[in-house]
Structure formats: structure tokens, C-alpha cells
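Guided by the hints, dock chain B onto chain A, whose structure is given.
Number of protein chains: 2
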Amino acid sequence: MRNYTTQMEAARKGIITEQLKKVAEKERMDVAELLPLVASGKVVICANKNHTCLEPEGIGSMLRTKINVNLGVSRDCKDYDVEMKKVLESIRLGAHAIMDLSSHGDTIPFRRKLVSECPAMIGTVPIYDSVIHFQRDLAALTAKDFLDVIRLHAEDGVDFVTLHCGITRKTIDQIRTHKRKMNIVSRGGSLVFAWMCMTGNENPFYEFYDEILKICKEYDVTISLGDACRPGCLADGSDVCQIEELVRLGELTKRAWEQNVQVMVEGPGHLPMDQIEANMKIQQTLCMGAPFYVLGPIVTDIAPGYDHITAAIGGAIAAASGAAFLCYVTPAEHLALPNVEDVKQGIIASKIAAHAADIAKGVRGAREEDDRMADARRTLDWDAQWTRAIDPETAKMIREERKPEHEDTCSMCGKFCAVRSMNKALSGEYIDIL
Amino acid sequence: MRNYTTQMEAARKGIITEQLKKVAEKERMDVAELLPLVASGKVVICANKNHTCLEPEGIGSMLRTKINVNLGVSRDCKDYDVEMKKVLESIRLGAHAIMDLSSHGDTIPFRRKLVSECPAMIGTVPIYDSVIHFQRDLAALTAKDFLDVIRLHAEDGVDFVTLHCGITRKTIDQIRTHKRKMNIVSRGGSLVFAWMCMTGNENPFYEFYDEILKICKEYDVTISLGDACRPGCLADGSDVCQIEELVRLGELTKRAWEQNVQVMVEGPGHLPMDQIEANMKIQQTLCMGAPFYVLGPIVTDIAPGYDHITAAIGGAIAAASGAAFLCYVTPAEHLALPNVEDVKQGIIASKIAAHAADIAKGVRGAREEDDRMADARRTLDWDAQWTRAIDPETAKMIREERKPEHEDTCSMCGKFCAVRSMNKALSGEYIDIL
Numbered sequence: 001m002r003n004y005t006t007q008m009e010a011a012r013k014g015i016i017t018e019q020l021k022k023v024a025e026k027e028r029m030d031v032a033e034l035l036p037l038v039a040s041g042k043v044v045i046c047a048n049k050n051h052t053c054l055e056p057e058g059i060g061s062m063l064r065t066k067i068n069v070n071l072g073v074s075r076d077c078k079d080y081d082v083e084m085k086k087v088l089e090s091i092r093l094g095a096h097a098i099m100d101l102s103s104h105g106d107t108i109p110f111r112r113k114l115v116s117e118c119p120a121m122i123g124t125v126p127i128y129d130s131v132i133h134f135q136r137d138l139a140a141l142t143a144k145d146f147l148d149v150i151r152l153h154a155e156d157g158v159d160f161v162t163l164h165c166g167i168t169r170k171t172i173d174q175i176r177t178h179k180r181k182m183n184i185v186s187r188g189g190s191l192v193f194a195w196m197c198m199t200g201n202e203n204p205f206y207e208f209y210d211e212i213l214k215i216c217k218e219y220d221v222t223i224s225l226g227d228a229c230r231p232g233c234l235a236d237g238s239d240v241c242q243i244e245e246l247v248r249l250g251e252l253t254k255r256a257w258e259q260n261v262q263v264m265v266e267g268p269g270h271l272p273m274d275q276i277e278a279n280m281k282i283q284q285t286l287c288m289g290a291p292f293y294v295l296g297p298i299v300t301d302i303a304p305g306y307d308h309i310t311a312a313i314g315g316a317i318a319a320a321s322g323a324a325f326l327c328y329v330t331p332a333e334h335l336a337l338p339n340v341e342d343v344k345q346g347i348i349a350s351k352i353a354a355h356a357a358d359i360a361k362g363v364r365g366a367r368e369e370d371d372r373m374a375d376a377r378r379t380l381d382w383d384a385q386w387t388r389a390i391d392p393e394t395a396k397m398i399r400e401e402r403k404p405e406h407e408d409t410c411s412m413c414g415k416f417c418a419v420r421s422m423n424k425a426l427s428g429e430y431i432d433i434l
Numbered sequence: 001m002r003n004y005t006t007q008m009e010a011a012r013k014g015i016i017t018e019q020l021k022k023v024a025e026k027e028r029m030d031v032a033e034l035l036p037l038v039a040s041g042k043v044v045i046c047a048n049k050n051h052t053c054l055e056p057e058g059i060g061s062m063l064r065t066k067i068n069v070n071l072g073v074s075r076d077c078k079d080y081d082v083e084m085k086k087v088l089e090s091i092r093l094g095a096h097a098i099m100d101l102s103s104h105g106d107t108i109p110f111r112r113k114l115v116s117e118c119p120a121m122i123g124t125v126p127i128y129d130s131v132i133h134f135q136r137d138l139a140a141l142t143a144k145d146f147l148d149v150i151r152l153h154a155e156d157g158v159d160f161v162t163l164h165c166g167i168t169r170k171t172i173d174q175i176r177t178h179k180r181k182m183n184i185v186s187r188g189g190s191l192v193f194a195w196m197c198m199t200g201n202e203n204p205f206y207e208f209y210d211e212i213l214k215i216c217k218e219y220d221v222t223i224s225l226g227d228a229c230r231p232g233c234l235a236d237g238s239d240v241c242q243i244e245e246l247v248r249l250g251e252l253t254k255r256a257w258e259q260n261v262q263v264m265v266e267g268p269g270h271l272p273m274d275q276i277e278a279n280m281k282i283q284q285t286l287c288m289g290a291p292f293y294v295l296g297p298i299v300t301d302i303a304p305g306y307d308h309i310t311a312a313i314g315g316a317i318a319a320a321s322g323a324a325f326l327c328y329v330t331p332a333e334h335l336a337l338p339n340v341e342d343v344k345q346g347i348i349a350s351k352i353a354a355h356a357a358d359i360a361k362g363v364r365g366a367r368e369e370d371d372r373m374a375d376a377r378r379t380l381d382w383d384a385q386w387t388r389a390i391d392p393e394t395a396k397m398i399r400e401e402r403k404p405e406h407e408d409t410c411s412m413c414g415k416f417c418a419v420r421s422m423n424k425a426l427s428g429e430y431i432d433i434l
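For the protein sequence lines, the chains are A and B, in the order given. Okay, so the first sequence: first residue is 1 according to the numbering used here, each after it adds one. Okay, so the second sequence: first residue is 1 according to the numbering used here, each after it adds one.
Keep in mind that the hints were calculated from the coordinates and are not lab data. Heads up, some of the hints might be wrong.
Copies of the same chain look alike in the list, so a pair counts if it fits in one copy or across any two.
What the hints assert, rightly or not - PhoX-like mimics (lysine-lysine), calculated; alpha carbons at most 20 Å apart, straight line:
no.	residue 1	residue 2
1	K281	K42
2	K181	K170
3	K181	K424
4	K113	K85
5	K396	K170
6	K26	K42
7	K179	K214
8	K42	K78
9	K13	K396
Everything numeric in this text was worked out from a predicted model, so none of it was measured.
Bound conformation, chain A alone (with noise of 0.2 Å):
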């Protein structure tokens, strides 16, 4: 029988739980030093206590940047089964987290085969669920059927859920007389928008916070608070949609934490590369330390087809200024769902910009493996160069396919190799070029 409830109410008690113990070994850190962060909420280990299997993670700024994949069938995309290989190949990449954004058919197979089988954190946006779940359109769904979805799926063993809490009625006019470019882009945001037009009610999410807090911390689910103004384009990065509710996001983490429920707080989406930093450091104000998952930014809106690279530049950025978590884009971002190998490529994206990232703020080990890598370089060693590096397969493939004359040469130069040749010439031997 735990003598807590949630990770944040056991820190706070000086309970060392499994999972914190866990954390600290993960992160190199004293259980001493990890402690006050979760007690604080500058941590969150997502750990509900249906979720058996967990292999838990933190996270929070000064621990390494954790990455999230989306997946989930869609009426557009309906195989489970494919669905299922995107899980496999996310844990063998590492991701972190898994968010299940099924929107289609019955959802709740798929989901609790996630929680009991995958020892990734699992989230969810209980909204898209709830349509789907009651099999009711939008308009008719009540207060009461948001709530008892998230409540189901706190039940199921979901360590954290989306739930845009911090729009309200006020939204609506904002949006009409502030003529963004993109509007609401989030699509659990838009849902929430839909829903008070059609009903004339307050955002839900908002009005029965308390009743969301009792549920989440009963099971300890992390609450991640959706920003439906995120920014779907440039233009609309920054502006008064985005930064008012940030500030009421801000509020609801305080509400949050004086119910012990531990919170994240869900942050851009499109924006200036310039704008990036000022964004971190006003999340950190405006919501006190709480971790900041971000999506993106993308710091382009011209590249579909490519935007798991607009958004590692973004979010390697976000993540050096302070971000904490990572949701992967893939290269089908804007298009269409991801298959399998664009899941790949998003997930391999998102690890270079969240390990660059910690390599810049400091994390601790991060830098190590890249010094491993040098020194495999230097000695022209390819195996250690394999076991280096983030996706050994890829790279082995490359220069397989291509491989050079000479194999004291590092790659493309032959015997103009700069490895070769200054090796050479640090030991005083005759350097051959021709």
C-alpha cells in the first residue's frame, strides 16, 4: 500500500520512491539532488500507478531532454497493426514517450495493450477520445462525458494527458478581432474552440479543473496543459493569442501543484528562430520552473516534407534555452500520418537536437559520447565509429555501399584523407598523396 499519492506529494514528503530512485541512477544524480526538483515541480516522472511496466523517466530542464512520439489510428490511417511497428521501432530508438492520438474505431484495445506491454511513458488527449468513445458528435458530448474519458483513461494507466485547459470563452473573441494568420492549429485546442461556439458553455477543461485534479491525482496522471493558441505559422509566433494563455497556464500549474498533481506545460509550434529564447525564459517565469513540452518550434513554414529538420533546428534551440521535452515532427508533418520510416527519421531528428542541446546546456555525460566518437575518428576505428553512433545501421550502409581504396582513409578523400595524413605527419613519416 503506497503511502502517497502522486511522485509530487512523495517528494514533498521525503518518500524515495522506486521510480525517483530509478531517475537519479538514470541521470547520474544523487536521489538528494532530484528530490526537491520533483517536490517543486521543475521535475515530473509521469508514472501512473496502473502503468506496471514503466520504465520511468524525468523530466525537466536540467535533466537530459526527453522526446515523445505521436502515433494512432486515424479514420485516414485505421491498421493497428502498422501502428504497432511504429511502437516497436520508437522504443528500439529510445524515444521516451509514446502519445496515443487514436481517433477512430474502438480505441481502448490499442491503449491498454500500450500500457501494460510498452515500458515508454504513454500519454493521451482524452478530447479526441471522447467523440470516438460515446460515438456522439461534438455538440452533444457534455462536461460530464470529458471528464469521465479522462477518467478512463487515468484508469487505463495513461502516465500523462493533453487537456487544454487554458482557453476560455474570452478566446473566442480574441481569435475573431486578433485575425491570425493560422488561427487554432492545435487540433484537441480547435475541438475545445468547436465545442464552446456550438454549446455557448465555458471551456470544460477549465470550468471543472478541480474535479480534472481529483482524478489526476488519484492515479497520479501528469497533467500536460495543451496550448490551443500555439502557433501554426510565423506570423503568428508571440502574439497576445499565445502569450495570454500561457499566463492562465501559468495559473493552472500553481492550481496543479497545491493538489500535489504534477504538471508540464505544452509550448510552440511555429516560430522565428529569434523568438525561440524568449519563449523558454517566459514559460519559466510565467509557469515557475514547470517543464516545458514543446512541438517544434518550426523555424520555417515553406518546408513540408522536411519539417523534422525545421523543427530539430527549433527544438535543439528550445531545448538549449531550457525546454525539456521534445515532441518529434516528422518529414510528413503538414501532409499526411507518418509511416513507419518517417516515424524513424522524426524520432532520429528529434535525439541530435535534444542530445546538441544537451551537450550545450551542460547535461551530464552528454558530452561524453561525442569525445568517444572523436577518438574512434581519429584512429580511423569504424567499429567503435558504428557503436557511437545514434543509428549504426545508416551510417554502415552509407559507407558500405561506398567504400573508399584505401582503408586507412577516414571516408571521401582517398589519399587526400586529412586523418591520414596528419597522422602521418604527427609521426614523422613520409606522407604519399599521389
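Okay, now just chain B, sitting in the frame of chain A:
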């Protein structure tokens, strides 16, 4: 008969050249605005007087960031037809410069073909060609041989040459004592280093710099001052070897400017993200605003196979902090010579980095493209989106492969599409989701 030698001399005399006029137009600048930038060396227009089919471009931190493609045959990759395919693909994708790094066989015909047919700037690294041209091994070459090859390239119409003038005999000791992880990874730099070690002589590109300036002045060849000591791994970033060479490159910049010779300065390389801005700022001061031409910087060493992405992250930050010219990096970097598909991936990643940076630094017209894309996305106008996309074919292909059920949805969410929901909500329509 032209009444000036170089574009810099013309600008200093107040002569508005054809090239300056075209560059001003492309950059949406008045010639009166551009002229002092060229006169002071802050912008270069690489335009060899023998490269008559050139479509001139300016390179400087206040202009659109330009990108360069490296190609050329080597012993491991001897097929000039493949290289010509890369050239055509580069031009089609909008590369601004092509460096012919050929180091095998008869290099003259390909170089001359490039200059006679290619509207992009052409660059070379004459030291590569020296060994090949004379068919004598490195140690047997004399300073005069190196100068003769520079003159040959200048006569052939090459617009800019990379010369590793900044290392000296002192560098030999420095590299030995400083114990870098990767020593020298610049190919040309390693050849100069090897030549100095074997002959006992001073760096001829440093010792005979005045002779070189005379050649460059005669043909208006821009010198791209090579950074022999650019870091080849994160551990070597911003170390004394790199920065001391940069100090010397600043001195050499000044000497070139005294002779009206145009100069760019080459830079890293591999750098942790948190060192990039500092590097750009120091280059700006030490080299008095001469355009900075960077290779990467690559922000982690552990991603072979994905270095177009690691370089896009670093390149975007570098360009946003003042770099003017990005050398592309392909997925094959560190592994093999790039094939045509790698060249494409490298160019697109560089273009994304350059454009994202141009938005961030407020280059004229840069953001307009993104705003037009946002308009096309809001109105779900797919044809307009293809027109605005950086690679329309790839974007179109992804969508065509996986067409959604409803054409009025943005892509992958079916009726959950946020754009569709918002368009309906804001026009007061009923929003059906199920």
C-alpha cells in the same frame, strides 16, 4: 575595357558595375546601399572577369545567406558524368556556389566546363589540384608550383579559391603540444601542414601571400581564407589552435583589402551549440566584418548519416548570428562521397538553415514566403502550398501517397482537422467530427 580590377576597387572608386547592379536588385537594395558594403569588404561579389556566364550574387551578413555545394571527382569516385548530374541538380535547387574539389585525373576540362556553363559562383582549393596537375608527390612540389596552380585556376575563371594561408611553422608545435582530439581535419590544411613537416619550409601560402594577392587582383578572384585548424570534433571547438589562426586570418584580410582583393573567411566545423554565436561575433571583430563562410557547424559528433541535420542546426544558428555563407553538408559526411540524392538532401537542409536564419535576422523579403505559405494552409489551397514549398515534388509525393478521405482536411487528422474545425467555427457553421 574595364577601368577597375576587382569589384572592391570599383566600389571604392564609386563605379557601379553590372554585377553590383544585379546583386542590389536581387537583394532589394539600392546600389547606393550596397556600394559601401562592397567597398569596405563586408560584402563580396565573387566574379572572376573570365567567368562570363556568371549570374552574380553577393555574400555578406546583411544579404540573404548563400549556400555552397562541394563536388568533384576523386580516386574513389571518378565519374565526371555523375559530377555533372550533381551540378545540374545543384543549379535546379538554387545553390549559389559550387566548389570543384576534384583531386584525380585531368582536372582541367571539368573546371573549364563549369566556368563556361555554370551561372553559379565557382570555387576551388588549388592545393588539391597541385599534386594532380604536376603529377608529383606533395613533398616534391615547390612554392612556385602552388602559385602556378593558383594562376591557372584564376585564368580558368574560378571566382573564389580556398587558400590555407593562416597556419605557419608555429602551428606545427602548437598542434603537437596542444593535443587536439582531431588534430587538423581540413583537407587542404592537412596538406599544407604535411608539406611544411616534410620540407622544413614556411607555409608558401603565407610566405608568398603578396604574390597571391597580385594574381587574385588581376582576375578578381576572391580569396576564401581557409581555416586549417577548424575543429573536427566538439572537443576541439574554439580552442587556441582555431582562434590563433583566426587572428592571423584577420591580419591577412586587412592585407588583401589594402590591395583591393576581396576576401571571405572560412570557419567551423564542429562546435557545441553554445559556442556558435561567440565564434561568429569574434570572427566579425577579428576580421572586421569580412563575410564568414562556415562548414556546418556540426553540433554533435555522433550522428554520421544525418550530418545534414546536425549542420542545419549549427548553420541556422551561425547564419542568424552573422555567418554569410553556408557550405552544405550531406548525409554522407564522415562516411563517403555524396551521391546525387545526398547532394539534394544536403542542399535542402542548407537552404532551410539559411532561410530560417534570414527570417531571424530580418533579411528583406525572407518572411514573406512563409506568410504566403500560411495563407495557403489556412485556406487549404494545396496548389498554392506546392508553389510555396522548398521542394514541391517531395511534399506533393507524400500527400499523394496517402491521400486523406476528405479533401477539406489539412492532412492527417480526418474530420479532426483543426484547420477545418476552425474555419467552420469562425463562420458559425456546425462542426461535425464523427
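Verification of the hints:
1. K281 with K42: Classified as within: same-chain Cα gap 14 Å, cross-chain 34 Å, threshold 20 Å.
2. K181 with K170: For K181 and K170, only the intra-copy Cα distance (19 Å) is at most 20 Å; the inter-copy one is 58 Å.
3. K181 with K424: Close across copies (15 Å), not inside one copy (60 Å); limit 20 Å.
4. K113 with K85: Within one copy only: 13 Å inside, 50 Å across.
5. K396 with K170: Neither, since 55 Å and 38 Å both go past 20 Å.
6. K26 with K42: within (17 Å within a copy, 49 Å between copies)
7. K179 with K214: neither (37 Å within a copy, 59 Å between copies)
8. K42 with K78: Answer is neither: 38 Å inside a copy and 57 Å across each miss the 20 Å cutoff.
9. K13 with K396: neither (50 Å within a copy, 55 Å between copies)
The structure is inconsistent with the numbered hints 5, 7, 8, 9, although it conforms to all the rest.
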